[in-house]
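Keeping their order, the protein sequence lines are chains A and B.
Counting with this note's numbering, you get residues 1 to 496 for the letters of the first sequence.
Counting with this note's numbering, you get residues 1001 to 1162 for the letters of the second sequence.
Quick caveat, the hints were computed from the structure, so don't treat them as lab data.
One or more hints might be untrue.
Claimed, not checked - Where chain A lies over chain B, by a calculated footprint (3+ residues, C-beta under 8 Å):
hint: 1; stretch: 1038 to 1045
hint: 2; stretch: 1055 to 1068
hint: 3; stretch: 1087 to 1096
hint: 4; stretch: 1099 to 1105
hint: 5; stretch: 1125 to 1134
hint: 6; stretch: 1144 to 1155
Don't be surprised by glycine CBs; every beta carbon is placed ideally from N, CA and C.
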Amino acid sequence: MSLYDSVMAGLALVGNFEAFLSLAIGIVIGVVGGAIPGISATMAVALALPFTFPMEAINGILLLLGVYKGGIFGGSIPAILIKTPGTPASSATILDGHPMAEQGEAGRALGMALWASCTADFVSNLALIFFAGFLASFALSFGPPEFFALILFSLTIIAGVSGESLLRGALSALLGLLLATIGLDLVYGTNRFTFGDPNLMGGLNFIAVLIGLFAIPEVINMVWHPTGHMGKVQKLGSKWVTFADYKRSFRSIIRGSFIGVFLGSIPGIGSAPAAFLSYSEARRKSPNKANFGKGEIEGVAASEAGNNGVAGATLIPLLALGVPGDVITAIIIGAFMVHGLQPGPMMFVLNVDIIYGLFIGLILSSGILFIVGGLAIRGFRPVADIPKRILMPIVLVLCIYGVFAVNNNIFDVGVMFVMGWVGFAMMRLHIPPAPFLIAFILGPLLEDNFRQAMLMSGGSPEILLRGPITWFFWTLTVIAIVAITRGTMRAGRAGG
Amino acid sequence: MNHRALQMRLGIGAILAAVFLMIYAIPNWVSSPSNVRNIVLSPLFWPYILGALTGLMGLGLVLSGWRAAAGEPVNEATGDPRAGALRLVAFAVLTAVTFRVMPQLGMVWTSMLAFLALAFLVRTRHPAAAVICAVVVPLILYAFFAHVASVAIPQGELVRLP
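Bound conformation, chain B alone:
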């Protein structure tokens, strides 16, 4: 993607987002009391202003993209984009699973697994160090937050730490 395409796509995205905000999102997801006498005091006023400005900004981006030269690609190429995209999907799954299982498994054990999964996802060249760090780092953080900062770190339902 070159500079021109980037500006155009961002501009179109911003215009679509503004239209969505003003036509659907703000009327449906922002509630306002019926007795507001002055429009500027309404809870709807600020979101509408921001929605309109987003649309204007999108228009500006489209115009600037239209006038700009194509130029060089904006992002440097990676060796294998397909493998990169697959790793991104795997990381998205990893974050979703981490979030979902944390209450059941506890933060310490979930963090250990997340650490290991990420280290191997990025193909670490130091697997032994990764395993050691995966165990030690969450335990140290648990000790600090639970026993020094008195934060109730989720323990989960399986193995509980002192």
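Just chain A, same shape as in the assembly:
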């Protein structure tokens, strides 16, 4: 199929009111979800997922992508107005956004956050369109040994960027891998940790695990500490962002967008490191260096460009290789699976219309985000005023219905509750849940490709190093391990 035919096929899928509406609804849900501290973009995507089941595949996925993009921007609203990031990606936005709000310039900070977010989002979407197809055509020649090496590399990165402790992140990933072994063996069909229960033979339901891990712990945390309340909401102020502000920050926005694209395209890094790196680069290069941290609009622009630059780029490994770029795209994999789609290089051959439909939808999403974001900035106060002690019971009920709807199975609701307690324990023990979930998804792929490679070679491990592609990923894995170990040791020495 030629490029023109592919674009036309994509346009035929998304050139209708339903697709446009799905995207817009997704962005609204995302902005509202991201703007409520305690919900976060991740939880918003997880909670929205079951509502996409009755939809057309393309519309459902567009809705979730809208939630993702809206959620990342939405997180900046409470970061600026109440010094509480709605989503971890917005942590860097607090540094200059909240001081601006305290100086009565919240509207200006939020306006810049929106403009920078939309610009970075657009750049990120273009990067996705240019690179995903190229990477996928390259990945078509991958066999099980190459995929094994790639997934191993992805896991290494995930474990290495898992918050404050590498060891705790790695432990989390191992727990995820262990949990993924539950069910029938992939080659022999024998039982593994099923205890004779037919409900466990297919393994644990992925959506029950993810909702249990990301939504229920917030409910339990509310039960543990019901009076943890939000801070004071700042007024928007009369000053608004101007084109001159945007022009002055443009260099930082573009730099931040590219940092986001680069880090986002590497599986596992996510948007928070991209935002901080973009912020620190902007501060290093800015003539207003001294004003950073005291309410510098360029700081807000750089942070938001960094975290939104990731949003499209994380879809590059997802669509091209079938490997999630971050935890949100790991959840979005669920939507692909529910609709019978398997992200990866073959999707560029078998479902090219959906791929191009997604590309077109994503380009549109930057424009819709600009409109919805502008309205959300003005309408934040009612969202901030939703009592959390009403919100969390709503989340609980949403979780119950959503998880049941996946397989019409009450057992999955039980799995979700158990995983909720596991997630709460992990929260209290400072074990990051993201490596757990990503390892849970990648675990079966890792094992399956490993065993297929072993079957191909008659058990000889030499096949795992059979050509330049495997060497490339093994080299990356070794470099990643060395860099992570050195970084951890340096951090340990610095901390005494």
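Starting from the structure of chain A, add chain B where the hints point.
Coordinates of chain B only, in the frame set by chain A:
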């Protein structure tokens, strides 16, 4: 609990879990055909590798905890930990009861009761809004999933909805 204690406890927990996996859980709960010629193709191979890595990670955590300074407490203190713990127990009971009674009572009615129980467990300041939401939210979700998404929401044995 400070950073050091956290690392030590997690490390010891991981080592114990690894020992349990390798000595009891994997041999008893993972079955393998007797004719597997190559160990790497056995269904037991992967769980054993993961068990061993868990043990190694536990060892790493213990060593890092042993070398680390005690530091500040890792979790911020809550006003009344005893009351918090009691609420957690109540929530555990609530989740267990929700799971058990759902087939008999139906998802809608169970969700309504769970909503109310949770709202009052966290001492909501808006009881009227909680009651209204407890009734409306499950009904809206029922309407969506049952009539739009065609999901067979459990109706229970008492009151059935259209």
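Each hint, compared with the structure:
1. 1038 to 1045: Since three or more residues must qualify, the claim that chain A covers the stretch 1038 to 1045 of chain B holds, with 4 doing so at under 8 Å.
2. 1055 to 1068: The restraint on the stretch 1055 to 1068 of chain B holds, since 7 of its residues have a Cβ under 8 Å from chain A and three suffice.
3. 1087 to 1096: Check passed, 7 qualifying residues.
4. 1099 to 1105: holds (count 3)
5. 1125 to 1134: It holds, with 6 qualifying residues against the three required.
6. 1144 to 1155: holds (count 9)
When held up to the earlier numbered hints, the structure conflicts with none and fits them all.
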